[in-house]
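*Asks:* Whenever a hint applies, use it, and build me the whole structure from the sequences.
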Amino acid sequence: MAVVLIPVKAIAVSTILLFGDSIIAGYGLPEKDTLSTKLEGFFQKEGLDVQIINGGVSGDTTSGGLSRLQWTLNEHKPDLVFVALGGNDVLRGFPASVTKQNVKGMLEILQQNGTPTILSEVQAPPNMGIKYAFEFNSIYEDLADDYDVPLYPFLLEDIFGKSTYMKNDAIHPNARGIDHIVENLGPFLVDYIDN
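The numbers in my numbering rise by one with no breaks, and the one at position 146 of the sequence shown is 146.
No lab work stands behind these hints, which were simulated from the structure alone. Hints may be right or wrong, so weigh each one.
In silico DMTMM-like links for lysine to aspartate or glutamate, alpha-carbon gap of 20 Å or less [unchecked claim]:
no., residue 1, residue 2
1, Lys167, Asp49
2, Lys77, Glu108
3, Lys104, Glu141
4, Lys104, Asp49
5, Lys100, Glu141
6, Lys32, Asp49
*Replies:* This is the structure:
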């Protein structure tokens, strides 16, 4: 499946909420190696004063994300939200239709709040079955088109299955994996924001 990157417009951003699961939370990593900490460091090196909020909850599904999104927005009032949820839906074999409804619900909440959003794709591996993988893997591109939000590639796209970048569980990135994610995500976000 081809990933579509929709051109983004620059906006004034001082706070970005990374909203997701254990990959965002930094499962098994010291705070200094989490995505939010390293991404904030990337912005500092670029001369940008951007606070990155770690809105990751290990084990979270799209259903859990949907239920906690509004109060998370109320608490942090971010200028931009980066949504990366769905991996645990895949691991639990949730129907693709359920995941799609939950992600759709999150995008609707974000639009109602007027919060600029970037949606990160999540991919189901082929061992989940070709039909399931096809249905699941089309969710994010379809919804990015429907809600006119930028689609970012799967965070683990270049590192999944590579022991250099992954913890021994083969599911979560290690510190080098997080560095690799930041090398790709950081410049994408810098292009998006206008401080």
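*Asks:* With reference to the structure, classify each hint as holding or not holding.
*Replies:* Hints versus structure:
no. : hint            : verdict
1   : Lys167 x Asp49  : violated (31 Å)
2   : Lys77 x Glu108  : holds (16 Å)
3   : Lys104 x Glu141 : holds (12 Å)
4   : Lys104 x Asp49  : violated (31 Å)
5   : Lys100 x Glu141 : holds (11 Å)
6   : Lys32 x Asp49   : holds (18 Å)
Checked against the numbered hints listed earlier, the structure breaks hints 1 and 4; every other hint is satisfied.
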